[in-house]
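Turn these sequences into a full structure, and let the hints steer you where they fit.
This is what each chain is made of:
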Amino acid sequence: MKNPVNVTVNGRETSHDVEPRLLLVHYLRDVLGLTGTNVGCDTSQCGSCTVIVDRQAVKSCTILAVQADGSEVTTIEGLAKNGALHPIQQAFWDHHGLQCGFCTPGMIMTATEILKKNPKATEHDVRHGLEGNICRCTGYENIVKAIVAAGAVKEAKGDKKKKGA
Amino acid sequence: MRYVGQSIKRVEDPRFIQGKGGYVANLHIPGMVYLAVKRSPYGHAKIKKIDAKKANALPGVVAVFTGQDLVDGGCGALPCGWNVPDLKTPKRYALTIDKARHVGDGVAVVAAESPYIASDALDLIEVTYEPLTSTIDARGATEKGAPLVHDEIAGNTSYFWALGDKDGCEKAFASAHKVVELELVNQRLIPNAMEPRACVAQWNAPTGEMTLWTTSQNPQPIRLLLSAFTLGIPENRLRVISPDVGGGFGSKIFHYPEEIITPWVARALNRPAKWVATRSEASVTDSQGRDHVTVAKLALDRNGVFTGLHVQTWANMGAYLSTFAPLIPTALYVTLFAGLYRMKGVWGEVWGTLSNTVPVDAYRGAGRPEASYMLETLIDLAARELAVDPVELRRKNFIRKNEFPYQTPVAMTYDSGDYDALFAKATSLADYGKMRKDQDKARKEGRLVGIGVSGCIEASGPAPSAVAGSLGSAVGLWESGVLRVHPTGKVTALTGSHAHGQGHETTFAQVVADELGIDMKDVEVVHGDTGRVPFGMGTYGSRSAAVGGSALVRSAQKIRAKLIKIAAHQLEAAEADMVYDQATGKVYVKGSPDKAKGFGELAFAAYTAHNLPAGMEPGLEESAWYDPANFTFPNSAHIAQVEIDPETGEVKLQRYIAVDDVGKVINPLIVEGQIMGGIAQGVGQALWEQGVYDESGQLLTGSLMEYALPRAESFPKFELSRIETPSPHNPLGVKGAGEMGTIAATVTVTNAVMDALAPLGIRHLAMPLTPERIWKAMTEVGKEKKPGSDIQYFGEK
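Order-wise, the sequence lines are chains A and B. According to numbering that gives the first Met the number 0, the residues represented by the first sequence are 0 to 164, in order. According to numbering that gives the first Met the number 0, the residues represented by the second sequence are 0 to 796, in order.
Source of the hints: derived by calculation from the structure; they are not laboratory data. Warning: the hint list may mix true and false statements.
Said to hold, decoys possible - Simulated pairs of lysine-lysine, DSBU-like, Cα-Cα distance not exceeding 30 Å: (1) B:Lys424 - B:Lys395; (2) A:Lys153 - B:Lys716; (3) A:Lys80 - B:Lys8; (4) B:Lys19 - A:Lys153; (5) A:Lys144 - A:Lys80; (6) B:Lys19 - B:Lys8; (7) B:Lys436 - B:Lys395; (8) A:Lys119 - B:Lys53; (9) A:Lys80 - B:Lys651; (10) B:Lys716 - A:Lys156; (11) B:Lys520 - A:Lys144; (12) A:Lys156 - B:Lys19; (13) A:Lys116 - B:Lys443; (14) B:Lys443 - B:Lys651; (15) B:Lys90 - B:Lys19; (16) A:Lys115 - A:Lys156; (17) B:Lys440 - B:Lys651; (18) B:Lys651 - A:Lys144; (19) B:Lys716 - A:Lys115.
As the list claims (entries may be wrong) - If we take Cβ atoms under 8 Å as the criterion, some of the chain A residues that face chain B in the derived model are: (20) Asp41; (21) Thr73; (22) Trp92; (23) Cys99.
Every residue gets a Cβ at the ideal spot worked out from N, C-alpha and C, and that includes glycine.
Here it is in structure tokens:
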């Protein structure tokens with residue numbers, strides 16, 4: 000038995016018939032070929048598979064593809080616009096916020112949520128906001144640094160826009 | 000040097016931050032089958048029968064194979080690559096045949112049209128087991144009556160190894176003024192690199208060529224083992240590729256059963272095959288770390304000078320010998336017993352024992368964290384019991400700056416160091432004197448504040464090959480480096496090292512660009528593909544810069560020599576009069592820089608071969624095989640401050656100060672990243688991580704629900720600094736940087752916790768120092784001893 004799923008992923012409408020038990024992360028990786036979203040565990044601890052579903056950060060191993068029917072999903076592949084890195088991607092690069100890169104897409108997607116809720120997130124806020132994401136390489140410090148810095152960049156840009164208007 | 004020493008942003012990052020990392024699990028080959036391995040739920044059980052009828056009947060299942068099928072199909076046993084004297088190596092096959100020896104031991108493999116069907120089919124394979132009694136503990140496995148993991152290995156003892164001066168040691172203890180003794184447990188760890196292991200194999204039947212993609216830190220040795228021992232496909236028909244690998248920390252060094260099973264099935268079915276571990280599967284199949292039981296004692300004379308060290312260790316090897324397992328508790332452990340000190344009278348004995356647990360092998364630090372934990376714990380205990388400051392006690396015993404190279408009593412010759420300067424910097428950065436004063440104040444307020452100190456040594460870049468061979472290595476420990484200069488002057492650097500987070504594509508490009516005087520952007524670093532890179536040994540033991548980087552330097556020297564010859568010929572000058580300007584890549588006659596030949600120009604000339612010196616071969620490609628003269632010896636002074644919640648026993652890590660000497664630094668940004676990541680893993684062992692087996696061999700910490708990995712909130716901001724004493728024996732002056740943090744952090748934090756608890760009369764607690772363990776200890780010692788102690792600490796002078 001297969002069920003239809005219609006999801007807008009990174010601005011592109013997709014439509015497939017899938018097994019009801021198919022996890023969203025496997026839909027993204029195996030059906031759509033968006034392999035930037037990684038699977039690091041099987042108990043929703045590590046956060047490597049974090050994507051944005053309808054403006055909320057979600058571990059895509061915890062929901063079924065059919066539950067995302069009608070949703071808008073953004074994955075790591077959808078962050079850079081017109082060849083320009085998203086400020087958080089840029090900050091991860093600038094501050095050496097990654098080593099092996101495996102947890103990175105999940106970290107970056109979680110960071111978008113942290114900064115959406117609080118663009119002025121402090122080091123303490125960011126560390127708390129990352130409680131659902133595990134990194135084994137970096138000791139977290141440069142990830143935290145990158146997210147705090149990206150928040151400052153976004154704030155500055157926001158101010159500019161406001162002034163411009 | 001334009002690039003070396005600079006914090007250059009990593010060139011590999013753009014692909015990772017945009018979701019374009021090339022991990023094995025991302026590979027999809029049309030027509031592939033998906034594999035899942037049926038694993039033993041028992042720690043120890045005879046396999047009576049495997050019935051795959053129901054699984055085979057499931058639509059979408061292609062085939063089920065057992066261990067016997069693999070052996071009948073030509074698979075050989077997995078060898079052990081490190082042979083200590085009188086080693087007893089149990090037979091280990093990709094899928095076990097007669098009995099299961101640990102939870103997770105593979106007994107059958109299913110190939111199916113989708114991963115979900117493969118997973119369904121596992122439940123339909125019926126295995127009849129006869130459960131047996133298990134043995135779990137490193138020392139308990141050797142006791143009389145313990146069940147035998149392998150019938151042919153008596154006492155479950157795979158080897159005994161000893162090193163040092165037994166008589167000198169005995170004399171030291173006979174005449175000691177003070178002896179401190181402890182029984183220490185260095186608990187089982189599960190490495191948990193974030194990327195679970197994976198394999199993809201593609202067989203080309205008409206040509207007889209196999210390609211295997213695997214999550215390995217060293218694809219070339221894996222190809223060698225597959226070819227010579229386990230799979231039997233000749234090396235020139237077998238290509239092994241380790242593309243982007245999501246962390247290793249040692250756990251991806253070893254030859255794993257799935258690296259045999261996946262290509263074997265691909266060939267048997269004539270279809271591409273893919274296997275990807277789940278995290279829970281990784282917990283029971285990735286080689287694990289540590290697991291020592293140790294009885295150790297340190298002798299001191301009247302002046303606090305270390306005069307003897309006696310250590311007995313039972314090292315748990317698990318159910319089989321993983322590829323380098325016997326190396327870790329022998330030549331990477333006992334040889335570090337001298338630490339940073341003029342240690343004498345050292346004697347170490349090690350029993351490598353087998354048990355019904357997942358095999359144990361190198362995990363970040365590998366033997367050296369166990370050595371530093373043992374030694375630095377004893378030293379802190381001695382300081383407490385002698386009522387002297389732990390920094391002062393260490394200082395008294397340091398090897399001095401002018402004593403290098405320093406021959407220790409346990410076979411190592413330290414290359415360089417300045418431990419006094421190291422500690423001066425660490426205590427100054429920490430403001431150690433003030434820390435102690437603040438601690439006194441806190442203690443008077445009844446708070447449990449502790450300061451931990453450690454001074455650690457590492458032997459990294461294991462070498463030279465002849466010495467490694469004499470210690471048991473079945474392979475050489477050199478590294479290859481090829482520089483292929485293309486006709487346009489662009490360079491491909493091929494290295495036998497492998498990066499899985501370390502950033503070699505950046506640091507090696509920095510090195511090569513400086514050596515040749517070209518733009519870093521013109522250097523591409525290639526690694527991890529036996530189809531492109533010559534034989535090499537891969538990455539572990541913090542060897543890449545010291546050994547792999549040095550190989551590239553040697554190749555660059557050869558390139559420069561050839562370009563000098565071509566320029567001399569074309570400028571009609573003597574070779575001896577030529578200058579190779581490494582800032583610009585230009586070659587000219589001394590005194591005439593205006594008539595220089597550029598790097599690109601000379602490279603093109605090498606390929607046109609229109610005007611080369613007589614007898615010179617065209618082309619511009621050089622290779623080097625660098626066999627290091629010695630290990631390098633990174634060293635560290637780390638200081639931690641903790642406060643313990645007296646109500647809950649929870650440890651809060653408040654400060655962490657790390658001053659390291661990793662020799663010359665190619666890229667400070669990357670080195671600091673390595674140190675911080677290493678510290679985080681070391682702290683993880685001190686406070687939270689533990690692989691726990693019950694007495695039947697069941698792993699109770701088999702997923703990230705139970706195995707506690709540190710999170711972002713677990714740490715304060717790290718306070719880092721370094722000193723540089725260049726290694727004198729490699730051309731870059733570098734030492735290993737990848738493991739120092741882990742080697743030092745565990746004992747630094749445990750020392751801090753024990754310092755906090757000392758006023759309560761708690762002498763020692765085993766790791767991990769969880770709230771439960773601390774709370775129980777605090778409750779047991781009772782409340783009769785009030786905080787505030789009679790221990791005197793001497794602050795900074």
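Against the structure, the hints:
1. B:Lys424 - B:Lys395: Holds: Lys424 (chain B) and Lys395 (chain B) sit about 17 Å apart, inside 30 Å.
2. A:Lys153 - B:Lys716: holds, 23 Å
3. A:Lys80 - B:Lys8: holds, 22 Å
4. B:Lys19 - A:Lys153: Holds. Lys19 (chain B) to Lys153 (chain A) sits at ~24 Å (cutoff 30 Å).
5. A:Lys144 - A:Lys80: Answer holds: Lys144 (chain A) to Lys80 (chain A) is near 23 Å, not above 30 Å.
6. B:Lys19 - B:Lys8: holds, 18 Å
7. B:Lys436 - B:Lys395: holds, 22 Å
8. A:Lys119 - B:Lys53: violated, 58 Å
9. A:Lys80 - B:Lys651: violated, 42 Å
10. B:Lys716 - A:Lys156: holds, 27 Å
11. B:Lys520 - A:Lys144: holds, 27 Å
12. A:Lys156 - B:Lys19: Distance ~27 Å between Lys156 (chain A) and Lys19 (chain B) Cα, so the pair holds.
13. A:Lys116 - B:Lys443: violated, 42 Å
14. B:Lys443 - B:Lys651: This hinted pair holds, its Cα atoms lying about 19 Å apart.
15. B:Lys90 - B:Lys19: violated, 40 Å
16. A:Lys115 - A:Lys156: The hint holds at about 14 Å.
17. B:Lys440 - B:Lys651: Roughly 18 Å separates the two Cα atoms, so the pair holds.
18. B:Lys651 - A:Lys144: holds, 21 Å
19. B:Lys716 - A:Lys115: Measuring from Cα to Cα gives roughly 24 Å; hence the hint holds.
20. Asp41: holds, 5 Å
21. Thr73: violated, 11 Å
22. Trp92: Status holds, d = 5 Å.
23. Cys99: holds, 3 Å
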